[in-house]
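K.L.:
These protein sequence lines are chains A and B, in that order. Counting with the numbering used here, you get residues 3 to 349 for the letters of the first sequence. Counting with the numbering used here, you get residues 593 to 975 for the letters of the second sequence.
Some hints here could point you the wrong way.
As the list claims (entries may be wrong) - With a cut-off of at most 25 Å between alpha-carbon atoms, the simulated PhoX-like pairs for lysine-lysine come out as follows:
no., chain 1, residue 1, chain 2, residue 2
1, A, 55, B, 818
2, A, 305, A, 331
3, A, 200, A, 257
4, B, 713, B, 627
5, B, 711, B, 694
6, A, 55, B, 803
7, A, 43, B, 803
8, B, 711, B, 740
9, A, 259, A, 200
10, B, 704, B, 694
11, B, 803, A, 296
12, B, 704, B, 719
13, A, 259, A, 204
14, B, 818, A, 43
15, A, 296, A, 331
What the hints assert, rightly or not - Computed Cβ-Cβ distance ranges for the label pairs, DEER-style:
no., chain 1, residue 1, chain 2, residue 2, range
16, A, 11, B, 832, 43 to 49 Å
17, A, 11, B, 619, 18 to 24 Å
18, B, 832, A, 304, 47 to 53 Å
19, B, 809, A, 304, 40 to 46 Å
20, B, 759, A, 70, 55 to 61 Å
21, A, 15, B, 770, 34 to 40 Å
22, A, 51, B, 935, 33 to 39 Å
As the list claims (entries may be wrong) - Examples of chain B residues lying across from chain A (beta carbon under 10 Å, computed):
no., residue
23, 644
24, 645
25, 711
26, 798
27, 828
28, 829
29, 837
30, 874
31, 878
32, 884
33, 919
Quick caveat, the hints were computed from the structure, so don't treat them as lab data. For glycine and all other residues, C-beta sits at the position ideal for the given N, C-alpha and C.
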Amino acid sequence: MEIGDYQREIKELKKAKRIIQKQLERSESDRIKLEDINKKKESLLRTVIEELKEYQNSLEERSQELEMMLLNLQIMQNKMSSLGNLVADVAHEINNPVSFIAGNLTPAQEYIENLLHLINLYQQTYPKASQQIQKTIEVIELEYIREDLPKLISSMKEGTDRICSISDSLRIFSRADTEQKLLFNIHEGIDSTLMILKHRLKANKIRPDIQVVKDYGEFPLIKCFPGQLNQVFMNLLANAIDAVEESNSGLSFDKIKANPNQITIHTALIEDINHVLIRIQDNGVGISADVQQKMFEHLFTTKPVGKGTGLGLSIAYQIIIQKHRGTFKVNSVLGEGSEFIITIPIY
Amino acid sequence: MFKAVVGHSNDPDSLSAVEEVIQQCVSFLAGDIPKAGILFAAIDFEHSLILQQIHQAFSGIELIGGTTDGEISSVLEFQQDSITLMLFCSDEVEIYAGVGRKVSDDPITATKQAVEEAKAKSTADPKLCLTHPESLTTSGVSILNGLKLALGQDMPIFGGLAGDQSRYQNTYQFFQTEVLSDSVPILIFSGTILFSHAVASGWHPIGQTSKVTKVDKNILYEIDGKPALDFYHHYLGLLPPSMEYPLAVFDQNGENFYIRAPISYNQESGSITFFGDIPDQAVIQISEAAYEDILAASKASFMNALDNYPGTEPSAVLFFSCVARRQILGTRAQEEYQNTKLCLTGYLPACGFYSYGEIAPIARTNQTQFHNETFVTLILGNR
Chain A
3 MEIGDYQREI KELKKAKRII QKQLERSESD RIKLEDINKK KESLLRTVIE
53 ELKEYQNSLE ERSQELEMML LNLQIMQNKM SSLGNLVADV AHEINNPVSF
103 IAGNLTPAQE YIENLLHLIN LYQQTYPKAS QQIQKTIEVI ELEYIREDLP
153 KLISSMKEGT DRICSISDSL RIFSRADTEQ KLLFNIHEGI DSTLMILKHR
203 LKANKIRPDI QVVKDYGEFP LIKCFPGQLN QVFMNLLANA IDAVEESNSG
253 LSFDKIKANP NQITIHTALI EDINHVLIRI QDNGVGISAD VQQKMFEHLF
303 TTKPVGKGTG LGLSIAYQII IQKHRGTFKV NSVLGEGSEF IITIPIY
Chain B
593 MFKAVVGHSN DPDSLSAVEE VIQQCVSFLA GDIPKAGILF AAIDFEHSLI
643 LQQIHQAFSG IELIGGTTDG EISSVLEFQQ DSITLMLFCS DEVEIYAGVG
693 RKVSDDPITA TKQAVEEAKA KSTADPKLCL THPESLTTSG VSILNGLKLA
743 LGQDMPIFGG LAGDQSRYQN TYQFFQTEVL SDSVPILIFS GTILFSHAVA
793 SGWHPIGQTS KVTKVDKNIL YEIDGKPALD FYHHYLGLLP PSMEYPLAVF
843 DQNGENFYIR APISYNQESG SITFFGDIPD QAVIQISEAA YEDILAASKA
893 SFMNALDNYP GTEPSAVLFF SCVARRQILG TRAQEEYQNT KLCLTGYLPA
943 CGFYSYGEIA PIARTNQTQF HNETFVTLIL GNR
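One chain only, chain A, in its complex shape (with noise of 0.2 Å):
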C-alpha cells in the first residue's frame, strides 16, 4: 500500500473512532431518556386501568340500580293493572246496584205521590180525624213530610246520577288496552279523567275551584290506544293542577279568587294532515327553560322525594310519540304559565 493510502485510511479510522465514542455518549442519555419514558407509559398505564376499573365499577353499580328499578317499575306496573281491573270490575259491579236503586226510583215517587193523594182525599172525605190520627200527624209532622219527600226523592235521583257516572269514568278510564287500536272518544277520555280528578279541582280552605274551561272541536272517533291516551290526560291534568296550585303560594284566598286558577283545555281537527290537536294549558308557575331541556328525560322530576317517580313526562311523551307517531311539544314562560301541545293522528 501507498503511503497516501495508509493515510487515508487512518483518516477514515479516526473519523470512525470520533463517531463511535459520539454514538455511545448518545446511547447512553437516550437509553436514560427511553426508561423515563417507559416508567411513566408504564404509571400511565397503571392509572388508566384503575380509572377504567372504578368506571366499570360504577357503571355496574348504576346497571344494578337500573335494574332494581325496572323491578319495581314491574312490579308496580303490574300492581296497576290489576288495580285497573279492579276498578273496572268494581264500576261494573256497582253499576247493577245503583241500577236497582235509580229503576226503583221512579216507581217509588209514583207510589209516593199517589199515596200522598189518598191521604189527601181522607183528609177531604173526612175532615174530622180522630184524636190519634190527629196526635200522629203531629208527631210524624206530615206537612213537612208532604214537602221534603219528592226533594228527598229528587236528591237520591241526583246521587245515583252521580254514582253512574263516576263509576262510568272509572271504566273508561281504566279500560285496559288490547295490542289493537281502538275507535275512541278523546273528549271521553278527557271528561273521564276530570271526573277522577274532580275532588282535586273543588274548592277548599286555601283557594276557590280549579276553573276548568273546555273548547271541543268536532272530529271523528279516533284509532288509538284509549288507556294510554288517558294515561297522558291524567298525568298533563294532575301536572296542571300542580302548577296552580304551587301559583297560589303565598296569596290570600280573595287574591287567587280575582284571578282564578285556570285550565283550558282546547281540541280541534287538523284537516290537512289528518291529526287532531290538544292543547292543554294552566295559569300555573310555568317551567323555566333548563327544567324544559330535560322534562322529557327518563326519570327526571322537579318534585321532592317521595312525590314525583320522573317517569310520568317521559311516559306520556312515548306513549304519544311512539305509540301513536304524534308530536308533543311544550310553551311555557316562567310565572304565565304552561301549554301542552299533542297532536295524534286519526288513524
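With the hints as your guide, set chain B onto chain A.
P.N.:
Chain B alone, transformed into the frame defined by chain A:
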C-alpha cells in the same frame, strides 16, 4: 428547472463534517449553482465554522437553518449528532432569506422584519415560506401568528422549531453566516414552485376528560380547579410532565382534538408551560402513542403528500418530525424515514430534522397551524 441536492455527515468534528457535506453536495450538483439552502445541525458542533465553510464553498447563497434533536436525510437516513444540508438550484424559482431578531420581545415586529427582508429581494409573489425559529423563549403559536400576519393568512408556512437535544437550555438559528438565538429565520419561495404536504401524529387521548380552569396563553395553571402539575402526577406518578405525554385539546364539538406538548413546569406554582397556547375552559385529556401508531402516522403523512403532489416529478422532500416521536421510537426512530423510502420507486433527495414543534397547514388547506408530536412532509418541485 428546480433541483435539490443533499449532503449529510455524522463526523463529530465540525470541520471534517462540513467538508464532507460540501463534497457530497458538489458532486450531486454536477456543476449547477445553488441559490439557497437549509442546514440542520446537532447542538454540539461549531456552527459558526460550518456556516463560514458553506458560504465559502457556495458564495452568495441564501442560507437558513438551526439546531435540532436528530437529523434525517436521503444520504445517511436517520442520525443524531450530525449535520445535513439541502441546497436548491433553479432558474424559475426565486428563494430568498430573511431573519427576525429578538422574537420574544415582540413576535409581530420580529416576524414582520424577517418577511420584509426576504420579500425585498424577490421580484415575484411569495408562494410558500420555510422557517426554523426559536422554541424556548416564546410560544410557537405567537411566532406563527406573527408570520401569518406578515405573509397573509392564506400563505402556506412550513417548518420546525429549533431543538437542543432535549436539554431545553439554548437553541440556535442560522441566517447566512450568523449563529443566532431568539430569532426567526425564513426562506420565501416564489415563482413556479409546485408543492404538496401532509401531517399526521399517531397520538391518541387516554384516561378521563378534564377541563382547563386557569390558563394564560401557553402557561397552564389549573385543570379541574387543581394545579396542572397534579393532573400529570396523577397519571405519571412522581415523574414530571414531558413531551411524550402531551395533552389532547378538544374543539367545541368535542369531536376533533389537537395536541399541545409540555416544555417545562414550575414545582412551586404547579403550572406547566406548553409549546403552544391552550384555550381557557377547553376539554382536555392526556395522550400517548405506541411505536406502531407513530410509524403508521409518518408513513401516512408521506403517502398523502406524495398523492397530492400537483406535478409529475417532485424534486425534493423535507421532513419536520417531533422530537417526542424520536424519543418514544428509540432505536426504531430510523424506521420513520426508511418507511417513506419504501413508498418510492426512484431516488428523491430528502432532508429533515426532529423539532420542538412543527408548522404546517392542516390537511388540504392553506390554514397554517402549530403542531406538536406531528410528522410533516413537504414535497417540492416544479414539474
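K.L.:
Hint by hint, note whether the structure agrees.
P.N.:
Quick rundown of the hints versus the structure:
no., hint, result
1, A/55 - B/818, "23 Å, holds"
2, A/305 - A/331, "21 Å, holds"
3, A/200 - A/257, "23 Å, holds"
4, B/713 - B/627, "13 Å, holds"
5, B/711 - B/694, "20 Å, holds"
6, A/55 - B/803, "22 Å, holds"
7, A/43 - B/803, "22 Å, holds"
8, B/711 - B/740, "14 Å, holds"
9, A/259 - A/200, "19 Å, holds"
10, B/704 - B/694, "12 Å, holds"
11, B/803 - A/296, "24 Å, holds"
12, B/704 - B/719, "17 Å, holds"
13, A/259 - A/204, "13 Å, holds"
14, B/818 - A/43, "23 Å, holds"
15, A/296 - A/331, "13 Å, holds"
16, A/11 - B/832: 43 to 49 Å, "48 Å, holds"
17, A/11 - B/619: 18 to 24 Å, "21 Å, holds"
18, B/832 - A/304: 47 to 53 Å, "48 Å, holds"
19, B/809 - A/304: 40 to 46 Å, "43 Å, holds"
20, B/759 - A/70: 55 to 61 Å, "59 Å, holds"
21, A/15 - B/770: 34 to 40 Å, "35 Å, holds"
22, A/51 - B/935: 33 to 39 Å, "37 Å, holds"
23, 644, "21 Å, violated"
24, 645, "17 Å, violated"
25, 711, "40 Å, violated"
26, 798, "5 Å, holds"
27, 828, "5 Å, holds"
28, 829, "4 Å, holds"
29, 837, "6 Å, holds"
30, 874, "20 Å, violated"
31, 878, "7 Å, holds"
32, 884, "14 Å, violated"
33, 919, "6 Å, holds"
Figure legend: structure checked against the earlier numbered hints; hints not met, in rising order: 23, 24, 25, 30, 32.
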